[in-house]
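Protein sequence lines correspond, in order, to chains A and B.
The numbering used here puts the first residue of the first sequence at 1, with every later residue one more than the last.
The numbering used here puts the first residue of the second sequence at 1, with every later residue one more than the last.
These aren't lab readings, by the way, just hints derived from the structure by calculation.
Incorrect hints may appear among the rest.
Some chain A residues well away from chain B (every beta-carbon gap over 10 angstroms; in silico) [to be verified]:
1) 110
2) 124
3) 238
With a Cα cut of at most 27 angstroms, we get these calculated DSS-like pairs of lysine-lysine [unchecked claim]:
4) A:80 with A:131
5) A:113 with A:145
6) A:96 with B:276
7) A:68 with A:140
8) B:276 with A:102
9) B:276 with A:140
10) A:102 with A:145
11) A:145 with B:3
12) A:96 with A:113
13) A:145 with A:123
14) A:68 with A:80
15) A:96 with A:140
If you only want the chain B side, here are some residues facing chain A, beta carbon under 8 angstroms, derived [claimed, not checked]:
16) 25
17) 91
18) 96
19) 97
20) 150
21) 165
22) 166
23) 168
24) 171
25) 176
26) 178
27) 180
28) 184
29) 185
30) 225
31) 226
All of these numbers come straight from a predicted model, not from anything done at the bench.
Glycine included, C-beta positions come from ideal geometry on N, C-alpha and C.
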Amino acid sequence: MNSEHIKLAARNVDLWFGAKHVLKQVNAAFPQNEVTALIGPSGCGKSTLLRSFNRMHDLVPDVRIEGKLLLEEQDLYDKKASVTQLRKRIGMVFQKPNPFPKSIYENITYGLKINGVPAGQHKEIVERSLKESFIWDEVKDDLDKPAMRLSGGQQQRLCIARTVALRPEVILMDEPCSALDPLSTLKIEELIIKLKEEYTIVIVTHNMQQAQRVADKTYFLYLGEVIENGPTASIFNDPKQQLTKNYVTGHFG
Amino acid sequence: MKKKLAPFIEWGTLLFCTGTVCFFLVVILWDIVSKGASSLSWGFVSTPPANGMTQGGILPAITGTVLLTLITALVATPFGISCAIYLNEYASDNWSARLVRAAIRNLAGVPSVIYGLFGLSLFVQAMHMGTSMVAAGCTLGLLSLPYIITTTEEALRRIPASTREAALAIGATQFESIRDVVLPAALPGILTGIVLTLSRAAGETAPILFTGVAFYINSPSGGLNQEFMALPYHLYMLSTQHQAIEQVRPLAYGTALVLLIVVFLLNLAAFYIRYKHSKK
């Protein structure tokens, strides 16, 4: 267990939106090829933490971040680092499925185009990433149809395909199933477990069962602080902190 | 009893107002169509005026208005869209951006005759364009800018933040996300705004009055540095300034009808764009 490789880490991270102190001295480490869940009541800062890893706060005015966010010991907020290169290495799947208003095929190839992948490889990558995301069989005959016509669950799997097409190292997932029905949720969860063989995954979820089903490790956040973290089973079955216990047993949140 | 009566009165009031508006609309349309239809013919739209305007068609006025609208579009669209993109996507929401936005909204309320005088002093005199098609087109372009900026900004604002984030998250720059994802998604709204604005500009008289329109030109119109004829002004002259006003009245109605048809076609284009997008 000690030999596990830490892919992504936060060290003493503080984050403010204007005067509001949203993350307080957050420390976290996400091991390679594992799924780590971030849980906690609404407003605890778990999405904010997730989005700071691929610098989604960059366009928000009045945001201030202190501390270090690291990918393979490389500072993500290094002035010399290219934010677009970084986002290629750290992909993201959002709460609401957000395919581009383009065809299914173009949804995958757009990312390849702007990242300079030669056009000759596009077809092959589209097929591979759609297969990886368990959606190939459903859409293989309709690649030219608008992505917006797919069901919510299919759209979300397409968004995952769009992300894995770029072969990122890390995939951040922000409540990827909260807008989906139980069956689609199940499919995405199977997919997450499959994807961790290749990728490092950090998932924000409100759903305790989901965290227990997919995550190897779990972080519990409350009011911007990490209260407790550890293997998922011990967080849910044997929490050390009273706050964690109250949350995972459903007393608040 | 009171409870039963109230919805009836509310419904009746709304119906009465809607009916009144429709009534006047129908009367105006009927007046123009019934009196103008008789002068409408292939010859009317394909020949120039003859015999001191008492005979012949209005071809130069039609080509003048169409060309003028084209120039207006060429001037107003690139500046308007760029300005809206800057305001909505790049400018931070501080007091200076809000001031600029408020100024643009106010410009939309400035009477068109003032644009005409401004165009006269800027384009015709200061920039030495003379009274010409370009000067008039630029003036109409200025008049159209605030409408195009406002409708484009509105269309951009309707694109959810998650769409922009989707592009950023796969490594697009902010510019790429706007060019490739946000603009195509907002295009139907933007085009509708542009077309409706242009159809309004096509019917304007005051801004072109001092900047290039002429009652009658001998040579066929088309030169960008020449004076030109235009439908709204032609209509104004025929119906108020002509020496044989009774004689040319049918021609005036015919001109009004043609102008209405041009504007209607533009509106139809806007409707079609919206319809096509709603099916996607």
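Here is what the structure says about each hint:
At the 10 angstroms boundary, the C-beta of residue 110 of chain A falls inside the reach of chain B, the nearest C-beta of that chain being 7 angstroms off. No Cβ of chain B approaches the Cβ of residue 124 of chain A within 10 angstroms, the least distance being about 18 angstroms, so the stated non-interface status holds. Interface exclusion of residue 238 of chain A from chain B stands, the closest Cβ pair being 36 angstroms apart, more than 10 angstroms. A C-alpha spacing of about 36 angstroms is found between residue 80 of chain A and residue 131 of chain A, which places the hinted pair above 27 angstroms, so the restraint is violated.
Among the hinted pairs, residue 113 of chain A with residue 145 of chain A is consistent with the structure: their alpha-carbon atoms are about 19 angstroms apart, no more than 27 angstroms. Of the pairs offered as hints, the one joining residue 96 of chain A and residue 276 of chain B holds, with about 26 angstroms between alpha carbons and a cut-off of 27 angstroms not exceeded. Of the pairs offered as hints, the one joining residue 68 of chain A and residue 140 of chain A is violated, with about 43 angstroms between alpha carbons and a cut-off of 27 angstroms exceeded. A threshold of 27 angstroms between alpha carbons decides the hint, and for residue 276 of chain B with residue 102 of chain A the separation of about 15 angstroms falls inside it, so the pair holds.
Restraint check: the Cα-Cα separation between residue 276 of chain B and residue 140 of chain A comes to about 26 angstroms, which is no more than 27 angstroms; the hinted pair holds. A distance of roughly 8 angstroms separates the Cα atoms of residue 102 of chain A and residue 145 of chain A; the hinted pair therefore holds under the 27 angstroms criterion. Distance restraint check for residue 145 of chain A and residue 3 of chain B: the Cα-Cα separation of roughly 53 angstroms exceeds the 27 angstroms cut-off, and the hinted pair is therefore not satisfied. Using a Cα cut-off of 27 angstroms, the hinted pair residue 96 of chain A and residue 113 of chain A holds, with the two alpha carbons roughly 24 angstroms apart.
Only pairs whose Cα atoms come within 27 angstroms are accepted, and residue 145 of chain A paired with residue 123 of chain A is accepted, the gap being roughly 16 angstroms. The suggested pairing of residue 68 of chain A with residue 80 of chain A holds, with an alpha-carbon distance near 15 angstroms, which does not exceed 27 angstroms. A C-alpha spacing of about 23 angstroms is found between residue 96 of chain A and residue 140 of chain A, which places the hinted pair at or below 27 angstroms, so the restraint holds. Look at residue 25 of chain B: its Cβ only gets to about 36 angstroms from chain A, farther than 8 angstroms, so that hint breaks.
Because the beta carbon of residue 91 of chain B sits about 11 angstroms from the nearest beta carbon in chain A, more than 8 angstroms, this interface hint is broken. Here the hint on residue 96 of chain B is broken, as its CB sits about 14 angstroms from the closest CB of chain A, past 8 angstroms. A distance limit of 8 angstroms between C-beta atoms decides the matter here; for residue 97 of chain B the minimum to chain A is near 11 angstroms, and the interface restraint is violated. Restraint check, residue 150 of chain B versus chain A: the minimum CB separation of about 23 angstroms is more than 8 angstroms; hint violated.
The restraint placing residue 165 of chain B at the interface with chain A holds, with a minimum CB-CB distance near 6 angstroms, inside the 8 angstroms limit. Taking 8 angstroms as the C-beta contact cut-off toward chain A, the hint placing residue 166 of chain B at the interface holds, the least distance being around 4 angstroms. The restraint placing residue 168 of chain B at the interface with chain A holds, with a minimum CB-CB distance near 7 angstroms, inside the 8 angstroms limit. The interface hint given for residue 171 of chain B holds, since its Cβ lies 4 angstroms from the closest Cβ of chain A, which is under the 8 angstroms cut-off.
For residue 176 of chain B, the interface hint holds, the least distance from its beta-carbon to any beta-carbon of chain A being 5 angstroms, beneath 8 angstroms. A cut of 8 angstroms between beta carbons decides the hint on residue 178 of chain B: the least distance to chain A is about 12 angstroms, and the hint is violated. Residue-level restraint check for residue 180 of chain B holds (minimum Cβ-Cβ distance to chain A is 7 angstroms; threshold 8 angstroms). Interface hint at residue 184 of chain B: satisfied, since its Cβ lies 7 angstroms from the closest Cβ of chain A, which is below the 8 angstroms cut-off.
With a least beta-carbon distance of about 5 angstroms to chain A, the hint placing residue 185 of chain B at the interface is held under the 8 angstroms criterion. Nearest Cβ of chain A to the Cβ of residue 225 of chain B: about 43 angstroms, over the 8 angstroms cut. The hint is violated. At a threshold of 8 angstroms, the smallest CB-CB gap from residue 226 of chain B to chain A is about 44 angstroms, leaving the interface hint violated.
In this structure, the hints that do not hold are numbers 1, 4, 7, 11, 16, 17, 18, 19, 20, 26, 30, 31, in rising order.
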